[in-house]
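Residue numbers (the UniProt record's numbering): 1 to 115.
Simulated from the structure, these hints should not be mistaken for laboratory data. In this text the structure is predicted, and so the values were computed from the model without any measurement. For each residue, glycine too, the CB sits at the ideal point set by N, CA and C. Certain hints may be false.
In silico DMTMM-like links for lysine to aspartate or glutamate, alpha-carbon gap of 20 Å or less [unchecked claim]:
| # | residue 1 | residue 2 |
| --- | --- | --- |
| 1 | K37 | D69 |
| 2 | K112 | D69 |
| 3 | K3 | D55 |
| 4 | K17 | E5 |
| 5 | K42 | D80 |
| 6 | K27 | D69 |
| 7 | K14 | D80 |
| 8 | K49 | D80 |
| 9 | K17 | D69 |
| 10 | K49 | D69 |
Computed beta-carbon distance windows for the label pairs [unchecked claim]:
| # | residue 1 | residue 2 | range |
| --- | --- | --- | --- |
| 11 | K37 | I15 | 17 to 25 Å |
| 12 | D84 | H4 | 21 to 29 Å |
| 13 | L110 | M58 | 30 to 38 Å |
| 14 | I18 | A39 | 35 to 43 Å |
| 15 | F108 | D55 | 33 to 41 Å |
| 16 | Y106 | K53 | 34 to 42 Å |
| 17 | I18 | K112 | 13 to 21 Å |
| 18 | R87 | H4 | 21 to 29 Å |
| 19 | R7 | G72 | 16 to 24 Å |
| 20 | Q68 | E1 | 28 to 36 Å |
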Amino acid sequence: EIKHEFRRIKSMTKIVKIAVPRYMLMKAYYYMIQLQKSAAMKMLQKTKKLCIKVDNRMIYAWATHCQQDWLGAISFIHKDLWIDRTRELRDEWDEINANDSKIIPYTFPLLKSML
Numbered sequence: 001e002i003k004h005e006f007r008r009i010k011s012m013t014k015i016v017k018i019a020v021p022r023y024m025l026m027k028a029y030y031y032m033i034q035l036q037k038s039a040a041m042k043m044l045q046k047t048k049k050l051c052i053k054v055d056n057r058m059i060y061a062w063a064t065h066c067q068q069d070w071l072g073a074i075s076f077i078h079k080d081l082w083i084d085r086t087r088e089l090r091d092e093w094d095e096i097n098a099n100d101s102k103i104i105p106y107t108f109p110l111l112k113s114m115l
């Protein structure tokens, strides 16, 4: 069950602190697919705040992207931009540095009725 996995992962984040922002982002997504949009937005805000504190630019950009998408404030082009960029960068994956590269976040899939 997903809730059990979240509990297990949360206990792991006590040891692997660097995983906390990503755990929080996944938790926000879980809230969103459970139709708990308010809880999802609150979790995204907490995620972004922690990302600033620990200088995790990649998850910060991803959380911002999710927030914009879930609020309907992102264009269709930007929503799927990661697909085009992935094709373009296929031969350069070994040279990508998350803090120095332009980050094009993956858009988590949601049912259209959720937005």
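Status of the hints after comparison with the structure:
| no. | hint | in the structure |
| --- | --- | --- |
| 1 | K37 x D69 | 12 Å, holds |
| 2 | K112 x D69 | 11 Å, holds |
| 3 | K3 x D55 | 28 Å, violated |
| 4 | K17 x E5 | 17 Å, holds |
| 5 | K42 x D80 | 24 Å, violated |
| 6 | K27 x D69 | 16 Å, holds |
| 7 | K14 x D80 | 34 Å, violated |
| 8 | K49 x D80 | 25 Å, violated |
| 9 | K17 x D69 | 27 Å, violated |
| 10 | K49 x D69 | 19 Å, holds |
| 11 | K37 x I15: 17 to 25 Å | 31 Å, violated |
| 12 | D84 x H4: 21 to 29 Å | 37 Å, violated |
| 13 | L110 x M58: 30 to 38 Å | 21 Å, violated |
| 14 | I18 x A39: 35 to 43 Å | 24 Å, violated |
| 15 | F108 x D55: 33 to 41 Å | 23 Å, violated |
| 16 | Y106 x K53: 34 to 42 Å | 23 Å, violated |
| 17 | I18 x K112: 13 to 21 Å | 34 Å, violated |
| 18 | R87 x H4: 21 to 29 Å | 37 Å, violated |
| 19 | R7 x G72: 16 to 24 Å | 32 Å, violated |
| 20 | Q68 x E1: 28 to 36 Å | 30 Å, holds |
Checked against the numbered hints given earlier, this structure breaks hints 3, 5, 7, 8, 9, 11, 12, 13, 14, 15, 16, 17, 18, 19; the rest are met.
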